[in-house]
Amino acid sequence: MKKRLLSWEGLLLAAFATIFAFNAISLPQFLTIPNQINMFQLSIEKVIVVLVMAFVIINAEIDLSVGSMMGLSACAFGWLFQQGVDPVVAIGLCLLIGVLGGAVNGLFVAWVGLPSLVVTLAALIGFRGLARVLVEDRGITDFPDWFDALGQQGLIGPMTFAMISFFTLLVVAWIILEKSAFGRHTYVIGSNRDVAEFAGINTKRHKLIIFVATGLVSAFAGLLYAARVGAVRGDVANGFELDIITIVLLGGASIFGGSGTLVSTGLAILIVLNLRNGMALHNVTGHIQTGVIGFLLIASVLVPRLDLLRRITKKSKGQE
Amino acid sequence: MTKPTLALRSVSKMFGMTAALTGMSLELFPGEVHAIVGENGAGKSTMIKIMTGIYQPTSGHVEIDGAEVSLHGSKAARLHGVAAIYQEPMVFPDLDVAENIFISASRGLWLDRKATRRQAAELMAHIGMKLDVDRVASGLTLAEQQAVEIARALSQNVRVLIMDEPTASLSAHEAAELRRVARRLADQGVAVLYISHRLEEVFELADRVSVIRDGEHISTNLIADTTPQQMIAEMVGREVGNYFTKMASTTTDEVLLSVRDLAVKGVFEGISFDLRRGEILAMAGLIGARRTDVGLALFGITPATEGEVRFKGRPLKPRSAQDAIRAGIAYVSEDRRKLGLAMELPVLWNMTLATLATFLRGPGLVDTGAERRMAEDFRKRLNIRTPDVDIAVGKLSGGNQQKVMLAKWLNMNPELLIIDEPTRGIDIGAKAEVHDLIRGFAARGGAVLIISSDLPEVLALGDRILVMREGRQMAIVNHDAADQQRIMALAMGQEKAA
Chain A
1 MKKRLLSWEG
11 LLLAAFATIF
21 AFNAISLPQF
31 LTIPNQINMF
41 QLSIEKVIVV
51 LVMAFVIINA
61 EIDLSVGSMM
71 GLSACAFGWL
81 FQQGVDPVVA
91 IGLCLLIGVL
101 GGAVNGLFVA
111 WVGLPSLVVT
121 LAALIGFRGL
131 ARVLVEDRGI
141 TDFPDWFDAL
151 GQQGLIGPMT
161 FAMISFFTLL
171 VVAWIILEKS
181 AFGRHTYVIG
191 SNRDVAEFAG
201 INTKRHKLII
211 FVATGLVSAF
221 AGLLYAARVG
231 AVRGDVANGF
241 ELDIITIVLL
251 GGASIFGGSG
261 TLVSTGLAIL
271 IVLNLRNGMA
281 LHNVTGHIQT
291 GVIGFLLIAS
301 VLVPRLDLLR
311 RITKKSKGQE
Chain B
1 MTKPTLALRS
11 VSKMFGMTAA
21 LTGMSLELFP
31 GEVHAIVGEN
41 GAGKSTMIKI
51 MTGIYQPTSG
61 HVEIDGAEVS
71 LHGSKAARLH
81 GVAAIYQEPM
91 VFPDLDVAEN
101 IFISASRGLW
111 LDRKATRRQA
121 AELMAHIGMK
131 LDVDRVASGL
141 TLAEQQAVEI
151 ARALSQNVRV
161 LIMDEPTASL
171 SAHEAAELRR
181 VARRLADQGV
191 AVLYISHRLE
201 EVFELADRVS
211 VIRDGEHIST
221 NLIADTTPQQ
231 MIAEMVGREV
241 GNYFTKMAST
251 TTDEVLLSVR
261 DLAVKGVFEG
271 ISFDLRRGEI
281 LAMAGLIGAR
291 RTDVGLALFG
301 ITPATEGEVR
311 FKGRPLKPRS
321 AQDAIRAGIA
331 YVSEDRRKLG
341 LAMELPVLWN
351 MTLATLATFL
361 RGPGLVDTGA
371 ERRMAEDFRK
381 RLNIRTPDVD
391 IAVGKLSGGN
401 QQKVMLAKWL
411 NMNPELLIID
421 EPTRGIDIGA
431 KAEVHDLIRG
441 FAARGGAVLI
451 ISSDLPEVLA
461 LGDRILVMRE
471 GRQMAIVNHD
481 AADQQRIMAL
491 AMGQEKAA
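Protein chains in written order, with the numbering used here: chain A, 1 to 320; chain B, 1 to 498.
Wrong hints could be hidden among the right ones.
No farther apart than 25 angstroms at their CA atoms in a straight line, the calculated lysine-lysine pairs in the DSS-like style are these [what the hints assert, rightly or not]:
#1 B:338 / A:204
#2 B:395 / B:338
#3 B:75 / B:3
#4 B:317 / B:265
#5 B:114 / B:130
#6 A:204 / B:317
Partial list, computed: chain A residues near chain B (C-beta under 7 angstroms) [stated by the list, open to error]:
#7 181
#8 194
#9 195
#10 198
#11 200
Computed beta-carbon distance windows for the label pairs [unchecked claim]:
#12 A:112 / B:188: 52 to 60 angstroms
#13 B:315 / A:82: 57 to 65 angstroms
#14 A:24 / B:335: 51 to 59 angstroms
#15 B:247 / A:10: 48 to 56 angstroms
#16 B:391 / A:291: 37 to 45 angstroms
#17 A:112 / B:337: 24 to 32 angstroms
The hints are simulated quantities; they were obtained by calculation from the structure and are not laboratory data.
Yeah, the Cβ is synthetic: ideal placement off N, Cα and C, and Gly gets one too.
Full structure from sequences and hints, please.
Quick look at the structure:
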């Protein structure tokens, strides 16, 4: 397993180096600090959610509702703000919505035993519906300056609050996944839930915690989006779940659970960001950008499959 | 002299630089049951795959009726009349017996139900099984499913039937039934190649037996010319002394576990026994006797609905595996793949599956140093053969996987060890090692509850033997008073409890 992941990491590293070098050579403005900051800024909410989605997928689950939760959180903030609720209180309520939404997902998946694909698909529709009911199609804007600044203004040098949050969460997520008992259990449960259950691991609680964390972080990311754009609408973060899942799969996590690392997920983030940034600076149109990202998704699902196929044939040949 | 139906002539098979078979020669004659014994990894599977056309030999060749043939693919092998059945029968659960038998028969667009049923019934009669051909396969026992597979092979005019550990998952009664079918086929002129880890079965059934080791042919003997001890010595290349003999009991006076009238409604009832420190209690019975369910109830997976359990003198009502583990009970499952090990995760991680909480430092962080020291320690103590503890446990042989499972539970220092089928599907060398480990655990004051369908194992390990039949406790027999016939008779309801 280790070797396979290492080779996947090597592949990702090579891909990243190629894209980075191509951008650096062909685009004089690429390596400037404003461009690098901008590159991260434009996708910062997605890549924050990628960090928790990695846990979900390694745990052999899926959460399709993250984009809708981002939208719901942002819209709830806008609506509460409009109703005259203190923005700080509104932020707290939005995060609470994230926790509750994640808990609903987690309870249905872990206790009722429904497939997460179905549960979170329902949540995708439900959360989005709520968001649209709250805000409809008109935008809500004119948030307090300090709120907008969270997503727009450099806090440490040119790094915004959102970016600092991402890097902090990256370190925290890495420690939890790679170093802690919780992370170990994430792999074990994802690899074989019955084995985990028989080893006395509380798999229900574990799954609940992961879904709650995903809801919470998605709600947080939704607020960051509202702050960065300075406005919310019912369709905020629509379809983001696809980009988020794509990055996690590109990072080598198996959709069947039990494998994946945050290092390669980090590499996958860098690849997607650099690719988008390079294409944008080369004036590649949005449609083609989407096409290229789609190709990446196919590659990220297909290449491990080829590897899997090779392993299966090897197994049937070499096994006694 | 008759020609062998199938023969291997100096067959070698290389995988890269590794030789799986070296100069293997073997002759299968019509009408014989030819047993193959060898440790896991000896090359049995490779040999079968060459005979069934899945692999091609690197050198040497296969002969059918004295003529050299090249078997490319399993279809070619079937055309030559070579078929194989395995431990896990391949039947289609939603189809009935007749449909399963004729699954690959192409007979035009419409299936003649009547003719199919009649022919299926004839085949069943032919192999001597009473089986309604209209029954749906999912409702059949494993042995019946295997009979369906054999009938399927017969429908394709099988001349060489390879049976790869067909009885490994069967109860003693079902295994006997299957052996009867094998014998009957041989009597009708089929060459039967029979692979088994159960030596007593080999001696009961086979005409000749070949031992293979490390991909090489070691010996072929008439069954009358060899003994179990000799065969084991040839298989492992060394003497294994105590596999069949019972060691002195280490039972103490201190009752650790006391079970009274334990029941899970609708599953089993009336289970009562005391288990002392240092004692090994073996649960014997046929498949379906519900022994595993008793183990699962004690381990809290399916909590008991009635009865009383006292552990260390205090009442114990485990509602989950966590409860049982906290109390000091470990449960080694019979199903390594589904319930025992996370196959794609490293050996190291599997060893600490149940005990990770004892390898922590700081806020929930894993102390990988201490974890690794424990793993290396157990790797040495249990003689686990693996290049390192970081490779996926699924890559180890069955015997070594079993030892990893034991390490996983022994490192929690349990007081009661429940082991379900401790040596299923592992080779005889590893079997002896596992038995030694179990005895050692008991000798150090642990109590062991073993669930085993392997009667020699039950007799070799159990200080006392609890026999179950259809969810009821038939008797507890002291080791001195136990022999295979007595246990079998109780398990089959032929003898009343003493």
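> What are the numbers of the hints that this structure violates, sorted from low to high?
Replying inline: Failing hints: none at all.
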